[in-house]
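Enquirer: Letter by letter, the chains look like this.
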Amino acid sequence: MFKNLLKKKLISAITFSTVAALSLGISAPSSQAASTTIRLYVSADTNILDLWEKTLVPAFNKEYPQYDVKVTFDRNGANDAQTLAKITAAVATKRDPGIDLIDGGMTTTLGTSGLLFPLTGNLLPNLKMVPKVLVTNGKGGIPYRASTVLMAYNSKNVKTPPKSLADVLTWIKANPGKFTYNAPSGGGSGYSFVQTVLDSQLSASEVQKLQTAADKETQAKWNKGWEILRGLNKFTYGQNGTYPTNNAGTLDLLAKGLVDLAPVWSDQIASAIKAGTMPKDIKYYGISGPSLTGGPAFLGIPATGKNRSAARFLVNWVLSPAAQNLIVSGSMNGIPVIPASKLDPVIGATVSDINIAAIRSPYLSPNAADLRTAWAAEVPGK
Amino acid sequence: MTQIKEVTVGDSLAVKKPARLSPLGFFMALPPVLVILVFIGGPILIAFAFSLGFTTGPNRIVSLIGQEIYPKTNWWGTFDAYKSVFTDSRFAGNIKATLEITFVATALVIILALGMAIYQRIIGGRLAAILMALSLVPLFVPVVIAAFAIRTFYDGTGFFKTIFYHFGINFPTLTMTNNAVTIGVIWTSLPFAILMISSGLQSVPNALIESAQDAGAGIMRIIATIMIPLAFVPIVIATTFTAIGIMGSFTIPYFLGANQPTMLGVEISNFFGPYNRPQHSIVMAFIIFAAASGIAFFYIWANIRSAKQSGRI
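Those protein sequences? They're chains A and B, same order as listed. Take the first sequence: its position 211, counted from the start at 1, is 211 in the working numbering, and no numbers get skipped. Take the second sequence: its position 159, counted from the start at 1, is 159 in the working numbering, and no numbers get skipped.
Some hints here could point you the wrong way.
[Said to hold, decoys possible] In the DSS-like style, the derived pairs of lysine-lysine whose C-alpha atoms are separated by at most 25 Å in a straight line are:
#  : chain 1 : residue 1 : chain 2 : residue 2
1  : B       : 96        : A       : 382
2  : B       : 72        : A       : 216
3  : A       : 132       : A       : 342
4  : A       : 234       : B       : 83
5  : A       : 306       : A       : 283
6  : A       : 221       : A       : 234
7  : A       : 70        : A       : 163
8  : A       : 70        : A       : 156
9  : A       : 173       : A       : 54
10 : A       : 216       : B       : 83
11 : B       : 96        : A       : 156
12 : B       : 83        : A       : 256
13 : B       : 96        : A       : 234
14 : A       : 156       : A       : 132
15 : A       : 382       : B       : 72
16 : A       : 70        : A       : 94
If you are wondering where the hints come from, they were derived from the structure by calculation, not from laboratory data. Small disclaimer: the values here were computed from a predicted structure and weren't measured.
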């Protein structure tokens with residue numbers, strides 16, 4: 001056992017030094033041959049595709065025309081399982097997975113399984129501006145923008161929205177049928193509300209355990225939270241223990257005026273209000289005690305991608321103040337991962353009061369998967 | 001070899017002509033069989049092995065990623081994954097919902113299709129032709145679009161809700177219930193059943209119906225003793241295909257159903273994706289497969305019956 005451990009350590013030390021040596025050789029991107037293709041795989045909603053295709057890639061190409069970014073889009077990560085299997089298989093057999101850079105929820109899973117190209121501040125100079133906590137949580141994935149779940153409310157019907165989680169729970173019971181959240185399996189906004197209720201019944205160290213390692217023992221302490229959520233069945237929209245399928249379902253109920261309060265993604269609600277698909281009466285805010293979760297979106301470079309050094313160069317650019325300005329100010333309405341003080345002063349002012357390192361992060365993916373299945377078994381229709 | 005052939009020929013000579021063993025026929029049938037064996041049979045076998053806990057070879061990657069994988073404990077595998085699915089608190093509700101919706105919706109579809117087909121066969125005319133054409137419309141509407149339309153129609157701001165609201169009646173919101181799923185699957189399955197059954201009734205000879213009428217039989221009697229028995233095989237085929245289609249449906253229950261209990265099609269997708277339990281989802285897929293095979297038995301039985309009647313066997 002001990003011997004094995006030693007062997008593992010030795011191997012990882014060797015890999016690390018090889019990687020470091022390799023990367024030193026290619027750390028000067030300007031010496032790249034003309035037109036390198038970066039195969040970017042976007043597994044997210046359409047607003048993320050727009051961010052890349054209409055904002056980031058054109059700006060990147062303007063500065064560095066020698067790179068050609070080819071975007072492949074997988075809407076809402078419908079093919080995540082296959083893509084994950086493809087990358088896992090490619091890395092296991094040391095072949096090119098056909099993807100140089102991934103933007104999607106699977107990045108942390110890949111990172112946890114050790115399938116991403118390991119990155120440090122030396123390889124990505126701009127990574128030094130990003131809070132260390134986020135980088136550690138990425139497990140090899142690189143945080144490049146953030147969004148968080150907020151409470152949205154219909155200001156026509158709700159004059160003073162509840163400010164803390166406890167107040168929200170009281171409000172739900174006082175206003176039957178006027179609140180909902182979507183099934184955690186279908187979207188992150190409902191997931192966040194569920195995790196927040198569960199977290200409110202756990203100690204800080206227990207929450208941290210679930211954020212960092214697969215932990216069945218701590219999961220057993222979710223019971224109190226399930227009870228609270230079950231208690232809401234009679235008071236949420238429909239009043240029969242059913243919940244919308246996904247993020248869009250929640251937004252739809254909110255836009256039609258069927259519910260007055262619901263957890264939503266910060267970027268989705270901001271974009272919907274801007275686009276006019278959400279009435280102007282809908283406002284949003286953050287709750288406290290505990291706050292709803294959110295966090296960074298991670299980019300991942302598969303360990304065996306053919307053009308991984310070019311991908312790394314693109315990632316470094318995405319972390320630069322110029323690119324972060326675009327993420328905040330464009331149609332994305334994202335939260336930057338670098339300090340607001342480094343951004344354009346006007347743009348920086350809009351996000352200066354958000355402390356990205358303080359956004360409560362979701363559980364590690366195995367625990368998150370367990371939460372989704374446990375919710376379905378414990379809450380709806382009970 | 002030749003001897004055996006002679007014996008068979010001799011035995012069956014009185015009943016039918018001997019079948020000629022043509023190599024050409026064999027090779028013509030080969031491509032579809034090969035495609036099914038390689039691209040469908042192979043993956044099914046691999047998946048079945050995975051459900052029994054064979055986690056190596058082609059199942060290695062999925063076992064690396066998935067959670068709560070039960071590896072085999074005996075040389076033949078293990079039933080642990082099946083046990084885990086059967087003891088899951090949601091499973092009983094899900095299978096009950098699946099079977100209930102399948103049974104109720106299939107029964108309603110066949111009754112509605114029979115009514116439509118009998119009306120067209122006995123009364124006919126322009127109105128029947130228009131109704132028939134209208135009833136086939138769902139065949140040309142993609143299921144996703146239909147599901148979304150039905151959801152909008154029955155949800156909290158839907159048609160009925162709005163109409164009844166003006167009369168001060170609170171019409172129930174049907175979306176997110178299994179009643180909405182039943183309505184949805186009936187809507188999508190109806191055209192095929194109507195096509196199948198009405199073509200079956202069309203082939204009932206006019207002479208039979210007319211002579212029964214001359215003998216004083218009423219309409220109900222003609223339907224019960226002449227039309228339905230003669231169109232029995234198409235009716236069985238329509239029933240089995242409708243039931244199998246409904247049992248495996250995903251889009252309609254996903255858009256219209258409750259979170260729990262839900263139909264197995266949705267649950268399989270949940271376990272495969274968001275819950276990250278691929279082995280469980282494969283186990284459930286085999287359970288649906290077994291149930292559908294049970295229904296398919298009737299299809300085969302009906303086919304054999306019709307083949308016997310027409311003297312093919």
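Enquirer: Take the hints in turn and mark each one as holding or not.
Expert: Each hint, compared with the structure:
For a cut-off of 25 Å, the pair hint linking residue 96 (chain B) to residue 382 (chain A) stands: about 16 Å separates their Cα positions. Distance restraint check for residue 72 (chain B) and residue 216 (chain A): the Cα-Cα separation of roughly 22 Å lies within the 25 Å cut-off, and the hinted pair is therefore satisfied. Among the hinted pairs, residue 132 (chain A) with residue 342 (chain A) is consistent with the structure: their alpha-carbon atoms are about 17 Å apart, no more than 25 Å. Distance restraint check for residue 234 (chain A) and residue 83 (chain B): the Cα-Cα separation of roughly 33 Å exceeds the 25 Å cut-off, and the hinted pair is therefore not satisfied.
For the hint linking residue 306 (chain A) to residue 283 (chain A), the alpha-carbon distance of about 46 Å lies beyond 25 Å, and the restraint is violated. For a cut-off of 25 Å, the pair hint linking residue 221 (chain A) to residue 234 (chain A) stands: about 24 Å separates their Cα positions. The suggested pairing of residue 70 (chain A) with residue 163 (chain A) is violated, with an alpha-carbon distance near 44 Å, which exceeds 25 Å. With a CA separation close to 45 Å, the supplied pair residue 70 (chain A) and residue 156 (chain A) exceeds the 25 Å bound.
Restraint check for residue 173 (chain A) and residue 54 (chain A): not satisfied, since their Cα atoms lie roughly 44 Å apart, outside the 25 Å limit. Straight-line distance between C-alpha atoms of residue 216 (chain A) and residue 83 (chain B) comes to about 20 Å, which keeps the hinted pair within the 25 Å bound. At most 25 Å may separate the alpha-carbon atoms for a hinted pair to count; residue 96 (chain B) and residue 156 (chain A) exceed this at roughly 43 Å. The suggested pairing of residue 83 (chain B) with residue 256 (chain A) is violated, with an alpha-carbon distance near 44 Å, which exceeds 25 Å.
Proximity of residue 96 (chain B) to residue 234 (chain A) is assessed by CA-CA distance (about 23 Å); at most 25 Å being required, the pair is judged to hold. Using a Cα cut-off of 25 Å, the hinted pair residue 156 (chain A) and residue 132 (chain A) is violated, with the two alpha carbons roughly 42 Å apart. With a CA separation close to 35 Å, the supplied pair residue 382 (chain A) and residue 72 (chain B) exceeds the 25 Å bound. At roughly 22 Å between alpha-carbon atoms, residue 70 (chain A) and residue 94 (chain A) fall within 25 Å of each other, so this suggested pair holds.
Hints 4, 5, 7, 8, 9, 11, 12, 14, 15 from the earlier list are contradicted by this structure; the remaining hints agree with it.
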